[in-house]
Every structure is written in structure tokens, then in C-alpha cells.
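Use these hints to put chain B onto chain X, whose structure you have.
For the protein sequence lines, the chains are X and B, in the order given. According to the numbering used here, the first sequence is numbered sequentially starting from 1. According to the numbering used here, the second sequence is numbered sequentially starting from 1.
Since the hints were derived computationally from the structure, they do not count as laboratory data.
As the list makes no split between identical chains, a pair holds if one copy fits it or if it spans any two.
Below are the EDC-like pairs computed for lysine to aspartate or glutamate, each with C-alpha atoms no more than 20 Å apart in a straight line:
1. 162 - 151
2. 162 - 140
3. 204 - 54
4. 82 - 72
5. 224 - 187
6. 82 - 54
7. 208 - 233
8. 59 - 207
9. 38 - 188
Number of protein chains: 2
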Amino acid sequence: MEQNFLVELISKMQTPPIAVCLVSGGLDSCVTAAIAIKTCRPAFLHVNYGQLTEQRELKAFYSIADFFGVKDRLIVDISHLKAIGGSALTDPGIPVPLDSHGRPGIPITYVPFRNTHLLAIAVSWAEVIGARYIFIGATEVDSSGYPDCRETYFRAFNSLIKEGTRPETKIEVITPIIRYTKRQVVEEGLRLAAPLHLTWSCYKNEDKACGRCDSCVLRLKGFKSCGQTDPIEYVEYGGRT
Amino acid sequence: MEQNFLVELISKMQTPPIAVCLVSGGLDSCVTAAIAIKTCRPAFLHVNYGQLTEQRELKAFYSIADFFGVKDRLIVDISHLKAIGGSALTDPGIPVPLDSHGRPGIPITYVPFRNTHLLAIAVSWAEVIGARYIFIGATEVDSSGYPDCRETYFRAFNSLIKEGTRPETKIEVITPIIRYTKRQVVEEGLRLAAPLHLTWSCYKNEDKACGRCDSCVLRLKGFKSCGQTDPIEYVEYGGRT
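Okay, chain X solo, but in the shape it has when bound (with noise of 0.2 Å):
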């Protein structure tokens, strides 16, 4: 696989270069800082967006972080995200929806454009630092269906980021799991022995997951499929998957 090859590629490298990676606090980013961190010098980028479950995240950034040893860490607020709203997941006054993965459509979970912010910012601090590459655990296969969630508008993003940045910058977003289902996410995260007991993936709850939003099913799915036990808790762990 082409995103493959460029992992392979960079750890020819001499001196690893640095690589910005956006850790939400989820096991795709988790699982992708893994891959990252094998062949480059990682900085974490974490960005709070108004989501219902902010703090929960943030505190899987930290656990996350302090796993890896990364001390380069750059924390960053766009809840304007809340305040223009349209998803259920920064609009308290629209329910996260329990039991509706695979129904067709865009998901009313959906972050309008949610990816181009997060992007951008990786791509500032990415120039301003030298790094090189930005690492972010986006899945199309096994995915929610988001629009910015796909190969071809990561292909676009990059040429955006050649127009858009100095001529001398180069920099590239990397999406090492892109075509992977979850169970392959999980198998991979466990093969790297990252940290998957200390991610957080529920869109709804903050101390035990929910076990019904569609990142829930997901992730349980994944550990399922592959004969493995999520190691967080769930309210209603068992009944559900």
C-alpha cells in the first residue's frame, strides 16, 4: 500500500525527521502515533473542539503522551466549532444517536469540515517547527462515513499544502490506516504494544463508554473480530457486541 511504503521510506532516513501527529485520544490516532513514533521524532497536537466528551479525551491525550515520552505537546481550542454547531457532536440540542451505524448517509456526528481545521493547524505548526510530515489516524474502510475522513480528500489536502505553504516547505500528511478495517487497527495497535487501555472512543460518555454510539460499535467490533477484550469499560459491556 502506497501509505505503507512512505512509512517504510522514512525510516531509511538518517536523521528521523519530525512528524506532527494529531492524537485525538482514540485508538485510529493512538494507533497511528504508534507507527509514527517508529520512524520520526513526534510532536502532539490535540485540539478541542466543543465535543460533548472533551475533557475525557484530553485527559487520554496526557495518559497517551506521557506513554510515549512526547514532550513536544501543543494543546489547541477551536470551540468556534461549538458555537457555529450543525453536529451532534458539539450541539447539546442534538442527541448523539445510539444504535445507527451502517445506516446510510452522512452521520448527523458529523463536525462540518472538521478535518481542514484540524489540518491547518498541524500544517502552522508543522512549518513553523520543521517538521516534515503530519500523522493522522483517519480510517475509510470501517469508518462513520465522514466526508473528510476519506483517501481522496487527503489527496486534495496535500495539494493544498504545496500552494498554500513557502516553496521551501515540504510537508506531507501521512495516513498510515487509512484502508484499514478496525480489527487491523487493533491487531496493529496490539503488534506495536500501544497503549489501547488508556484511549477513549465514546462520543457520549466520560467515565464508562456507552457501548452504543456508533464509535462505541465500531471499536468494539474491532476488538471482537479479532478475538481480543477492550480493556476500558463499558456500562453495558457484553450486552452489546
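For chain B alone, coordinates are given in the frame of chain X:
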């Protein structure tokens, strides 16, 4: 010109579409807003990004919005660009260069990837309020040479919007003055009776414009070249033009 053709086309629509107008408070965005208002229902967006003259620009934004009677307003703070730094406009440790206009290369006032942040906010807001267009007053011909102010950048951004939003969403970035010289910007502003006296362009001062930073030099050149006097106050107006 392609952009003028689009403005022409919009004017033929029966129900005026909503347009998000990026209004910094400067000359170019004021004239661009005046163009948008001819054909669209405007929604004004202003972004503070930790620039030195933020308060003065915000004041200009309010004055321009009041002048045009625009009620839909969104003011967003992304002062993390100040924390990221890398520009004389956001880092007080880097002096704003004087008398440097026309030097080759990307100026130190370039804020890394700034326009992507502004446009990402505009697109998210546009998608939620159902806006069809985003007007931005970028100019390429007589500009400071920022990479994210060029036509190729905006073309790449329009491709990104298509990839990163809902399939039914149709949002397009319009840059009506991108091929205008500063002279043409001033002429168009005067023709449309845009409130040029309310605008603020200086990178350095917040009371009287310095007349020497790149932005002042370009603005003064624009007025002088069409035989007009700039209606705002300068510290050394006359001595430098």
C-alpha cells in the same frame, strides 16, 4: 475574467444566495464585501488570529458591518496562531519590516497557512447556515507575495471543499479582486461607494497608520495611482508616498 463571470451569474439568480464574506477590516475585504452585497445576502465573518493590530481591525470590522447593515456576524478567535508564531504579524519578537515591499521571497509577515484556517471556519459556518459562496478579498497581482493568496491556492481549496463536505453541499470560494491591482481595488471601492474611510490596513499601528509597512505602502500606492487621497490618517502621510 472567470471570477467576474461568476459574480455576473449570481446576479441572475432569483433568490439571492447567502454568501459568507471574510471581512478583516482592511481595504481589500471591504471592497470584496461591497461586490458580494450586490448579488448575495451577506454573512460577515471576522477572525482574530493574534495579530498585533487585532483590536483596530475588529473595530473596522464592526464599522463596516454597521455601514452595510449586516446582521449575520461571526467573530472567531484563533489566537493559537500567535502561540504557534513564525510571523512578524503574530510574534512580537519579530519586528514588522519597514520599507521592504518588493523584495523577493516570502515576507516575514507571512502567517504560516493562515488562509486555510480562515477558509475552514468560513466553510464550516457556510455548511451550517446554507451559504452557497464564500467571498475573500485576496489579491495576487499587487500583493505581498503570500503563497496562500494565489489563484492556484484557491483552486486547490475549492477542490478540498468538494471532497471534505456533505455530497449535497455546494460551497465555492469566490475571489473577485484576485487579479486586480491595488489601483483597481481602490477604483472599484470608489465606484461601489464602499466605506474605505472605515478600513484599516496598517500591520504596525492602531491609532495612525505607519505609512511604511508593506501593507501601508501598497495601500498608499493604490490611492496615489488613481489620483485619490487615502481618507485614513497616517503618521507620516505625504513624506513617504
